[in-house]
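K.L.:
So the chains spell out like this:
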Amino acid sequence: MTNELTTWLDTLLAELDGIEVRRTSRRRLRVEVASDALPALLELLRGRASFVHLSAISCVDWIDAGQFELVYHCWSYEIQSLVSVHTRIPREPGVYISVYDIYTPAAFFERDIHEMFGVWFEGSPDLSRFILTEWDGPPPMRKDFDSEAWVNQHFGWQDYHPDWLKDLEARGGGIAVPPNEQRFSRRTVDET
Amino acid sequence: MATSPTTVVDQLLAGLHLPDGFDAVAGVIRESLAHVTNSAIWTRYGQQSLEWLIGMNPVDRLFMLSALTLLLMLLLGRLRSAGVLAVLLYGAQFAALLSTDTLFGAPVAAEVRITVADQSLHWSYDALSWFFAMITIGAAFVTAWYAAGSWMRRYREAGQSARAFHVALALNCFGMLLLVGSADLLSLFLGWELVSWASFLLMALVGGPGAQAALKYLAYAISGAMLLLGGIALIYSIGGSFEYGAVVAAIRGMTDVQVWTLLLLLGGGFAVKLGLLPFHLWQAAAYAEAPGAGSVFLGAISARMGLFGIIVFIVGMIGVSRLMTLEIPYTFMSSRELIAWIAALTIIVPTYTALQQHDARYLLAWHGIGQGGYMLLGLMVGDAVGSAGGLLHCFNYAITQAALLMAVFAVVHRTGTADLNQLGGLVTRMPLTFLVLLFGIISLAGLPPMAGFVSKWMVYRSLITEGMPLLFVAAVVGTLGTILSVYKLIHNIFLGQLRVEHQGVAEAPLSMLIPMLGLSALIFLAGFIPGPALSWVAQVQGQLGLPVVPWVLGGIVDPRGGLDMIWLVGILMAGFGVGALVFYGFGGRSRRVHQLDNYAGGHFLTADVHYQYSDNFYAGLMHLIGPWYRGAFRWLERSLAATLDLVSFGAEGLYRVAQPTLLMLAAAVAMLAWVF
Amino acid sequence: MRPENYEAQRQPPSYDYELNIGPNHPGIEGNYAFKLRLNGDRVIAGRADAGYLHRGFEKLMEGRLWIQNLAITPRICVPDPVPMEVSYCLAVEDLCGLVVPERAQWLRVMQLELSRIAAHLFIFGGHAATTGMYTPMFWGIADRDLILDLFEEMTGGRVYHIYNIPGGVRRDLPDGFGERVTNTLDYLESRLPDYDNLLFTNQVFVHRARGCGPISQQQALEWGVTGPNLRATGLKFDVRRDDPYLVYDQLEFEIPTEAPGDAWARALVRRREIKESIRIIRQVVARLPTLAGPIRCPIPNPLAWNVPAGSTYTRVESSKGELAWYVVSDGGERPYRTHVRGPSQMHAVQVLEQLAIGCRIEDVAQIMFSLDACPPEVDR
Amino acid sequence: MTHIDQVPTPGAPLPVEIGVKAGAARTNPFARVFDELVRFAQSRSLFMLHYCTGCGAVELPPAMTSRFDMERLGIQPMVSPRQADILLITGYVSVKTLKRVILTYEQMNSPKYVIGICSCTVNGGMYWQSYATAKKLNDYMPVDIYIAGCMPRPEAVIEGLRGLIENIRTGRADAWKDYYRRYDYYLGNQQRLFGADWQTSTDVIAEARHYDLFGPATLGAHTALLEQHQRPLEALEMRIEIPELMRRRSRSDQDGTAQ
Amino acid sequence: MDWLSAMRLDALAAVDFHWLGLVLELMLMPLIAFVAGLGLVLMLRKIAARLQRRVGPPLLQPLWDIIKLHAKETQTSHGLIHEIGIVMAIGGYVAAVTLLPVPGMNGLAQQGGLIALLYMTMIPSLGLALGVGQCANPNGSIGISRALTAMLAYDVPMVIVIFGVAFHFGSLNLVHMIAAQQAGGVATWGMVQMPLLALAGLFALQGMLGKQPFEIYVAPAEIATGPMVEMGGKFLGGLFVMQCFQLYTGGALYVTLFLGGGEHWLTFLFKVFVVTAIPMTIAMVFPRYRTEDMVRLFWKWPTMIGLLGIAFVMN
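Residue numbers (our numbering), protein chains in the order written: chain L, 3 to 194; chain B, 8 to 683; chain F, 17 to 396; chain C, 2 to 260; chain H, 272 to 586.
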């Protein structure tokens, strides 16, 4: 039965213009669609093909191409298939349309993407800060945000060589890791 | 015979046995008095009047002073100092009452006897009259003091007439003195009507919702008076006389059916005033919406006039033992049990209605109705302790309710609202008012060591020894409801979050504070040493022919478990001492913090957040009993209230378009049409 | 907080008041906050407030090697970490086209199901504690510790195991492990009637939980509810059966469902899932001796491992619901983008906010625990 | 966080005074016995705050419940910071949490102890490069004991608590005094992270003044910065102001009322 | 001024004071109650621990808790009423325990009586309510509203029991009750004479001690320990002291009414511990009710049982 439905879905999607469909596995479909056609496609998937479950919306920052890629993962309980709808929007100004009226869970994901990438979703019910309410830096998930630089600027590092440890190390104990061997500590650079 | 104020004061001071330190004070008083007595006006008029006054029969003197108060208020009520004058005059009335000496002596009859249409009206004071008159004048005294200063200034500024207020208060007091001193049925009815109309005046003074409630009250009062009149007519038709002695004889000779009729007529008439179920609906709004100080007076004593009538007729003349023999046909209940159950329902229903109020004034007014039930319940038990408890509760309740209402109106005076949801945290701003309210609620809830505990204890005690389990449970349930509701009162006004707009609120003005503090001291004293009040009650019992309570200074003695408040309070204070020792002695030094420095689940509290838990305070309980309100008496209340609203609306409209005289005429015609 | 927050402002004349549940509150699961606006004890509105556990996992993973990321994936969901690492491994394997040996797949199933039991034992104690009964919590967590002992023996770690690597698992079972697993499962099964008597048939608990936070099936589909919470509304859906991964299609197990969709149904579904998980583990224990062979397939040098470009979306059924990873590789030695979709992202935010409206303050904590929300999944 | 330039860098931490008790100079033997008793009671009764700040909290239930049973040592969980003695920082603290943790710490009654559980509290652990988590807890509040590990087992937690108990009994666990004595340092670090206008609703300086816990570095550049902008939150003391007592009778008491 | 003299002020002189013995009682009885209360708290925690399959706290744990809390070096107060509330909470129970007759010390109990004792135990609730109110914490206020509701619930069966017992013994005096019960051995115990009332009383005791399923006002997961939420240091310590007295009062009252009091201290304390153990054991295997369920339960079953009991007593 599932197979028949899968075939039906394939024919349904094949009839549509302007999208690129690729079946990656038995239960996975990858669809590429232009950004202006995406809401209509989702509407179709939900309304005609029983894709009632929006599993997630993922955002990828393709900084070199100057684009954000938005991926809508929809699952159908009947067809037992997951369709990942990919679309790309320009990185600037980073504005897109909300699909909240199609999928209620989109509210959370859009809010999250707005917070982490700074993409504005037109029509989303609530794009106020959620996780980073007390954050005043740039959207941190963008590729041009350098987390390590931020850390070095804002946080102090634990002193790995307090005086009392030096005594211990002189006597052959302790956890002696020379500063230049501390691989991931950025303090190594300006160590005196 | 003393003929000058100086000698009067000398006698008074000598009688008080003041310690030596007060000599100086006495000297100052004497000097200033001498200054007055030397003036020409005094020697011309004052001396004579004083002599005349002092030479009078004590009851006449009391009436005369009361009438004088009324007159002076009519003439001078507009003056700024009328309040102070009123305080002095009520004080003089109080002194006159004390000098009647009727409590421990023989009854004194007034010399003023008026003969109307072949029937003479006369008055006499005995222990019962003294007891109620004492409460009345005391209430008027503290009310007048409370109203004398800042409150009255505000009242005037609001465009109200000070004279009307003073007159209404004096008229109320006068009427009640006439009522409690009545010695025959006609004078009783006269006093009754006077009190009813005077209360109406006091309620309707400020207009608005108060006037509407007062009109509602009027409808009740008139019908109550009609019932009363019917009762009087019945007695007269059988006994042929209005004199009490004849009435007692007439009642003794009545058949059961006649007594039942009498009981329904008189009981109904008095129940309206007392606010017994199901005639309680008018009271809360009428008392709560009266002008502040008037509400204090009304709340403290006004409704007790109904209880007075019940005591005189049902307890005194018919007698509890007669009530017990009056079976309700086809049931195993006697009329005494019926009344006791009405009393119990009067405790429970209004108390739990009070629990739902959002307005502090209404909350207290509803409690006032409920507390009336305790008094009646105690009287209906009829044994020594129970009836003493019921009578004592009159006194204790009066001081408690006066203190509570004063505190609430002091808050209203300062903040402009009595809405329990718009207040909070005022304890830091009005600590003395808080103290008064605290004493008051402890007493109202009947917890030791305050006055209310003693009288309620006596009612419980008698219910247990007389074997009335269900009534006992009902009484305790009422008390528990009271505790819940008064905690809500004090929490929502004084505890919790201080609202931003109340940051600058100041303590109540001194003129209001002094009577409040005095009353709260009295509340504590009457709980600590209930003996004096019990001695009055014992006299009343003796006069009514009830068994007399075995009282001592600290309470009552009884082999089956007495009460000694001196011990109990002592133990409680010792307990507090131990608690304080544990807390302050062994604990480290504490530091006061701001309200925003508070646990909020780890969050920061900020100034714009309203975090006071006030509305629907007993939400959990209301999930269970909330539907009962809607299901049962809410329905009753609403239907009755709707009818009365309609009537009062019509009456109000008539009042607006027509002259007052026309209204009075119309009312008289309606009354006539109804009665005949 | 800024000073102006302490400045006198006019308070709203409303009769409602505000109450915060969390982050420092026993009625909240983990470090999470739920801000309530109430009237009496009735919730007018609730607003979830997250971010207390935010570490920026997705950002961190972009900066680390594919193999390094294994260490931090389980940290995303603390009470039930195994599905995280398994699904991440599945994603990497999918991108690289690795074929995992069968024995490793069965070992993963065993680990997953043990973790599911542990998580359920953990949560129903918490659920009971929100209603004031602490004994099940003490018992449940002590019994969960027995499973942690098994984990320790199997993987070397009590809570975080990092047992899976792309291509298989790190090491094989120690000798006699199957027997010890069976013993523990026998013990757990013998305890289940005790739990039933204490909690699941306790009339007071049933009274409290029944009708508390009900979700209809329609609403569940609308709001994106998954996992036991979805099954408690009567929908027989389980990723293990309907979108199978590993070897779940070869296993026999029931999918317990309950119709009412309230807290009581959710607790019962979990209770019955413990039974099913025990059944699955018994099958695995019986099957494992027949499966000789490698426990992982060969992979390139993990410190210089360029995963082919592409993207994948892998879903597993964690104890809380549908858990998915969206992993994008640009052919480099680090992931270009990872996105984790935890079930609690729905349950702890939108569903909780919806269910809180009109419920009573007594039930807020119970609703949260019965949804089995896991705040670190929301925060990442 | 962009206010970082407005806040001066806190100086190098002063050496921590270890084992110096304020009342150590007592000569009365009874007082000494009393102190001993109190310290013993303090070590035997530790209420720990129920605040799961991070993932290490998952090992606390096992430590508290039937298997390891911390109540044997007199340790039990408590709900609100007022009731608690121990603040367990169980793992990484994100900046948002750190603010709450600091508030919670300041709301606790002294003597109070901070235990940093998990490596993340020591040096950021595996989230060293995360923009959202604080790296070093003892910059923001004095830490009595660190229990390293990711995450430490219940045995390790209990062992750490035993160490704390021993420290309390011998009077060495007085890091909480350090918060009063070097408030400027801690406040400076907090200001660098949260902005120059950071203020909690607790008033640490007033508290130090009230309890005579001032140290050489309680006040400094950062507390001066705080005092510049802070809104004072003094306790709402009871106030008996009867205007008629203060004023002439003739004046209306209109202005004594609420606005 | 005859009315003054008529008030029999001279009655003061007629009261017989046996001062010294009573003052000694006043000092000793709270002390004994406190020590017994510490034992009861320990027992509570030990029973809980054993039912939860663990060891539980050491012997002197309740004492260490109290000492530690009082010895806190900084204490947070929200104002005078916050402090007075705790004093009232302790003081009310101290007064209540002195009004309980115990072997050898009945002097103060003679002055009290059952109703006075019942109302004395309401003073701590009121004190606590005031103190918590001043804290201005919604959790605390909700807790107090629930605590008062709980009081309304359990006091109904409680007063029925009190009525029945007082009617049965024909006295409100606790000393008389004990004397009547001890007159004929176990057969005259209240429990044997009035089994239904004893059952209702046990229900009420469960509510009075605030144990599950009636632990609605602490409810950590709902309102963060309600009244205790802003209590720290000596404030919480005071509540711990109060808890000792509360447990003792509850147990001793039940023993006095139904188990014949104590002939001497050993049997008395034994009975108190046994009686108090019952609610604690029940508490560990139940969740808490919602508020209205608790009220409904108390107004239904124990009330019905109690009224039946009264019917038997009064027949």
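In short, the hints are calculated from the structure, not lab data.
Glycine residues also receive a C-beta, built at the ideal position from the N, C-alpha and C atoms.
One or more hints might be untrue.
Said to hold, decoys possible - 20 angstroms max Cα-Cα, derived EDC-like pairs, lysine to aspartate or glutamate:
#1 K145/L to D188/F
#2 K51/F to E80/L
#3 K252/F to D128/L
What the hints assert, rightly or not - One side of the interface only, derived from the structure: several residues of chain H facing chain F at Cβ under 8 angstroms:
#4 R321
#5 R324
#6 Q483
#7 P491
K.L.:
Under 8 angstroms is the threshold here; is the Cβ of P491/H close enough to any Cβ of chain F for the hint to stand?
P.N.:
4 angstroms, holds
K.L.:
Would you mind confirming whether the straight-line C-alpha gap from K252/F to D128/L stays at or under 20 angstroms?
P.N.:
32 angstroms, violated
K.L.:
Quick one, are K145/L and D188/F close enough, alpha carbons at most 20 angstroms?
P.N.:
Cα-Cα ~39 angstroms, so violated.
K.L.:
Does R321/H hold up as a contact with chain F if the rule is Cβ-Cβ below 8 angstroms?
P.N.:
For R321/H, the interface hint is violated, since the closest Cβ of chain F sits about 11 angstroms away, which is over 8 angstroms.
K.L.:
Next pair to validate is K51/F with E80/L; report whether the Cα-Cα distance is within 20 angstroms.
P.N.:
38 angstroms, violated
K.L.:
Tell me if R324/H is really an interface residue toward chain F, meaning its C-beta lies closer than 8 angstroms to one of theirs.
P.N.:
7 angstroms, holds
K.L.:
Under 8 angstroms, Cβ to Cβ, is where Q483/H needs to be relative to chain F, so tell me if that hint holds or is violated.
P.N.:
This hint holds: Q483/H lies near chain F, its Cβ roughly 5 angstroms from the closest one there, short of 8 angstroms.
Taken one by one, the earlier hints fail for this structure at numbers 1, 2, 3, 4, listed in ascending order.
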